[in-house]
Amino acid sequence: MGFLIDTNVLSELRKASKMDNNVRKWFEAVPSDEIYLSTLTVGEVRHGIELLRRRDPKGLIAATAIVHGHILVTRNVRDIEPTGVKFINLFNQKETE
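Each residue of the sequence shown is one higher than the one before, starting from 0 at the first, in numbering that gives the first Met the number 0.
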């Protein structure tokens, strides 16, 4: 048997500790080799990422760094400073905490 995951369920899975408890329990109980994604779902996810990237590309890269606990290496200080992300500007060696 296999399970085809819709975009809304896939989105819920990325919420980690805020994930719906029923979704968490179901996902933990299903063998990973029985979970499938449609190309339509992958396309919807890609479309959503592209919309974010076009609307706020620096915010997206800053959020990625924050979520993964990374320090962003950039020259674009003016756009990055308001996000609160830790960054290094190698062009003037400014490091934030």
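Because the hints were derived from the structure by calculation, they are not lab data. Any given hint might turn out to be false.
[Claimed, not checked] The list that follows gives simulated cross-link-like pairs (lysine-lysine, BS3-like), each with its CA atoms no further than 27 Å apart:
id	residue 1	residue 2
1	Lys24	Lys85
2	Lys85	Lys17
3	Lys14	Lys24
4	Lys14	Lys85
5	Lys57	Lys14
6	Lys85	Lys57
Practice item. Just pull the numbers of the violated hints for me, sorted ascending. Key: Hint check: 1 fails alone, others pass.
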